[in-house]
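Q: Chains as they are written, first to last, in my numbering: chain G, 1 to 222; chain D, 1 to 581.
If you're looking for bench data, these hints aren't it; they were derived computationally from the structure. Honestly, I wouldn't trust all of these hints.
Claimed, not checked - Stretch-level coverage of chain D by chain G, calculated; a stretch enters the list once three of its residues show a Cβ under 8 Å from a Cβ in chain G:
id, region
1, 32–40
2, 104–113
3, 133–139
4, 215–228
5, 250–260
6, 266–278
7, 386–398
Claimed, not checked - Below are the BS3-like pairs computed for lysine-lysine, each with C-alpha atoms no more than 30 Å apart in a straight line:
id, chain 1, residue 1, chain 2, residue 2
8, G, K204, D, K508
9, D, K508, G, K124
10, D, K190, G, K204
11, D, K86, D, K555
12, D, K561, D, K202
13, G, K206, D, K172
14, D, K156, G, K206
15, G, K124, G, K170
16, G, K206, D, K508
17, D, K190, D, K202
Using N, Cα and C, we set each Cβ at its ideal position, and we do this for glycine too.
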Amino acid sequence: MKDEDLRDLNLPNYEIPPELTGQLAITTLDRIYNFGRRSSLWPMMFGLACCAIEMICAQAGRYDMARFGMEVMRPSPRQSDVMIVAGTVTKKMVPAIIRLYNQMPEPKYVVAMGACASGGGPFKEGYNVVAGIDKFLPVDVYIPGCPPTPQALIHGMILLQQKIDRQSIKHVRWYDGKKEDAVAVPVPYLGPDLIDPRRIPEIKAKAAELAAQEQQIAPQQA
Amino acid sequence: MTTPAPAETLDLAARFPGAVSADTRPGYTGWIVTPEKLLEFAQFVRDELGYDYLVNLCAVDYLPENRMEVVYNVFKTTGGPGLTFKTWAPRTDPIEIPSVISIWPGADFQEREAWDLYGVKFIGHPDLRRILMWEGFEGHPMRKDWQEAFYDEDVKPFKRRWPDGKHVYAEKRAVYGDNINFKPGFDPEKWTPTDPEEALYKSLKKYKSETTDGIETDHIIVNMGPQHPSTHGVFRAVVVLDGETVVSLKPVMGYLHRNHEKIGERNTWLQNMPYTDRLDYFNSMTNNWGYALAVEKLMGIPVAERAEYIRVIMAELSRIQNHLILIGMLLNDLGAYFTPALYAFEERELILDVFEAVSGSRMMCNYFRFGGVVRDIDEDSLRKIKDLVFDRLPRKIEEFDRLLTENEIIVSRLKGVAPLTAEEAIAYSMAGPMLRASGVPYDIRRADPYGIYDRFDFDVAVRYNGDMYDRYLIRVDEMHQSIRILQQAVKSIPEGPIASQKPSYTTKVPPGESYGRVEGPKGELGFYLVSTGKPNPWRYHVRTPSFVNLTALEKMCIGTKIADFVAILGAVDIVLGELDR
Chain G
1 MKDEDLRDLN LPNYEIPPEL TGQLAITTLD RIYNFGRRSS LWPMMFGLAC CAIEMICAQA
61 GRYDMARFGM EVMRPSPRQS DVMIVAGTVT KKMVPAIIRL YNQMPEPKYV VAMGACASGG
121 GPFKEGYNVV AGIDKFLPVD VYIPGCPPTP QALIHGMILL QQKIDRQSIK HVRWYDGKKE
181 DAVAVPVPYL GPDLIDPRRI PEIKAKAAEL AAQEQQIAPQ QA
Chain D
1 MTTPAPAETL DLAARFPGAV SADTRPGYTG WIVTPEKLLE FAQFVRDELG YDYLVNLCAV
61 DYLPENRMEV VYNVFKTTGG PGLTFKTWAP RTDPIEIPSV ISIWPGADFQ EREAWDLYGV
121 KFIGHPDLRR ILMWEGFEGH PMRKDWQEAF YDEDVKPFKR RWPDGKHVYA EKRAVYGDNI
181 NFKPGFDPEK WTPTDPEEAL YKSLKKYKSE TTDGIETDHI IVNMGPQHPS THGVFRAVVV
241 LDGETVVSLK PVMGYLHRNH EKIGERNTWL QNMPYTDRLD YFNSMTNNWG YALAVEKLMG
301 IPVAERAEYI RVIMAELSRI QNHLILIGML LNDLGAYFTP ALYAFEEREL ILDVFEAVSG
361 SRMMCNYFRF GGVVRDIDED SLRKIKDLVF DRLPRKIEEF DRLLTENEII VSRLKGVAPL
421 TAEEAIAYSM AGPMLRASGV PYDIRRADPY GIYDRFDFDV AVRYNGDMYD RYLIRVDEMH
481 QSIRILQQAV KSIPEGPIAS QKPSYTTKVP PGESYGRVEG PKGELGFYLV STGKPNPWRY
541 HVRTPSFVNL TALEKMCIGT KIADFVAILG AVDIVLGELD R
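Just chain G, same shape as in the assembly (with noise of 0.2 Å):
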């Protein structure tokens, strides 16, 4: 075949040979590539609190997430395509959290289950809670309720499917090259509190500027 041909391939209404019907389905990359993702979105074994309690119901025999093949729970970040954030986020686990999510291979997904993966949820104030999971990952989808029941996780899947529907592989983020971020997340690390190696500069600058103004006031108390 000759370019040119190839390239009607694209058109809607290309003309399938009399002897090829029903054998031969025409369609784009994208769709069967979305097609193969959706339909198998394995989630991570890996629950942080209260919502992976309802993320283990919505798995059992009266929700049965089976139903939409995202049954095979994995332990292992290395087999699975969709990390469900289900819980408080607290800063000791975080880094444990991003490191798994480094090592899950692309495509993947995040979805923030409950309040509390959302924006930190009735904890929010806690000393050790990261307000949201979205602060270091990418998230695609949130759910919210504190928990949601297995049906709003159900519902928050089949919106990641509709979500994944309509990517194109051409500029999906893990394939884009241009952001930093893209594949792999700066693991943060645990100091006199936590410190996220993107925010290091602007730290620096505050807490320098803190001592300054504490150095101000001190000569004038004297």
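Using the hints, position chain D against chain G.
A: Showing chain D alone in chain G's frame:
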């Protein structure tokens, strides 16, 4: 409704002249001991008076009086009311209090928690490291003068958010624009990272390589968790192995430490109720009860008759679903991948339906109020409960029993594994089914009755071998007993009001302290509260069974195979929300 102090403790001040005095602050009970005499006093209390069971140990920061108090709640395993004693030191660092670990080994984690959150140095504690936060974290966050990054005001309701109703993101107010805080002048580039794990590994590395049969062997350290399919959440255990045998083990926790107590001390009394749901998220009903009980004790109010029955029904249903899940998950840990768990979840859903019908939520029920419950049970739900307790649940528990109890795999994997004697279980402050599986018939519903449990006819389930198999069996026994209680309760539930108080947002709580304890499905759940008469608690401490029961984990695991560790942990029945709070 304060229980009078038992007669034999009344002359304690005379027994230790100058060192012990009665706590005469209004609303307080018990004794105040000087730190110098603390060990002698504790020894006396345990050996002479028979208070062999240390249940709760926590620190209280009395900032205005410049006092750091440590509170001990001790009980007798033969039953009866408990004894409270306190010791205190001035609030200037270092705050030093002798450790009671030599008298009650169960104080181990609780003292580490007090060190972590309050900076109380327990002299004589062999492994005083931070337990919930990481090594290197700055400050002791539960102190009254320690402020978090999203600090707004000392207590709720925060005026800035109310009554204007204008919302400002906490991030916008915080100095660093996020939930982080650093000292002025802190330079993350020049800061040399300290390994937060260093102290942990140091505490394990007392084992050296040795030569056996001419072959040099070495111990290896295996980290299990915080992300591990069999640690029931974000729990982590660091295990030292000699081949496959566990030589040493340290549990590492705090990965779900979401600051219940700090938030709880900012909340009003009533605002804490939904937070208790999220402690042990399998049993929000029981958690509600524990907290309601402690506050009712402080307030001295009665509970409406019908509400008492509703409480029992909800708590016992909760116990059944908890034990079902435990058994299902235990089988999961043993390798029967998810089949028994699926059966367990089927029954649990039916019980959750009842919870949803009465409270509006499947898991986070937020159902109890001071003096009663928040909504009545309607006829439909009551009929559903009747169906469950007279027909479905007994049948299904029987089925579980038939399917599992004599199962060859269960028997060979569980029998004789990781035994704990009665003496050890008491010393390590084990609670609930773990204690009773070791042959100590201690059930708070009998030993120190609360609610209306004295009206029901039931047996305290007890097993005597203390091994894994007994820990499994005791859960089956307890479900049978819960069914018995439920059957009596649904038959005799009276009509009437469901709360003794009018519903209100504010709660008047007189100054004082109280310790409310309930027999949760996982063990003793206690709330130690201090009120100053304000709308918010001054101290809100939760004594959780998961946390204290893990003290004996190392003891149980040493000498077993690594594969059994997973099952042993499963049988302790931990839940991370309550372990880390």
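Q: Now tell me if each hint is right for this structure.
A: Tested hints:
1. 32–40: Coverage by chain G is violated here, the residue count being 0 at a Cβ distance below 8 Å.
2. 104–113: With 0 residues in contact (Cβ-Cβ under 8 Å with chain G), the coverage given for the region 104–113 of chain D is violated.
3. 133–139: Since three or more residues must qualify, the claim that chain G covers the region 133–139 of chain D holds, with 5 doing so at under 8 Å.
4. 215–228: That given contact holds, which follows from 3 residues of the region 215–228 of chain D lying within Cβ reach (below 8 Å) of chain G.
5. 250–260: holds (count 6)
6. 266–278: Answer holds; 4 residues pass the 8 Å Cβ test.
7. 386–398: That given contact is violated, which follows from only 0 residues of the region 386–398 of chain D lying within Cβ reach (below 8 Å) of chain G.
8. K204/G x K508/D: violated, 46 Å
9. K508/D x K124/G: Roughly 27 Å between the alpha carbons, so the hint for K508/D and K124/G holds.
10. K190/D x K204/G: This hinted pair holds, its Cα atoms lying about 10 Å apart.
11. K86/D x K555/D: holds, 29 Å
12. K561/D x K202/D: Holds - the C-alpha atoms of K202/D and K561/D are around 23 Å apart, at most 30 Å.
13. K206/G x K172/D: holds, 14 Å
14. K156/D x K206/G: holds, 29 Å
15. K124/G x K170/G: violated, 37 Å
16. K206/G x K508/D: violated, 43 Å
17. K190/D x K202/D: Holds: K190/D and K202/D sit about 26 Å apart, inside 30 Å.
Violated hints, listed in ascending order, are 1, 2, 7, 8, 15, 16; each of the other numbered hints is respected by the structure.
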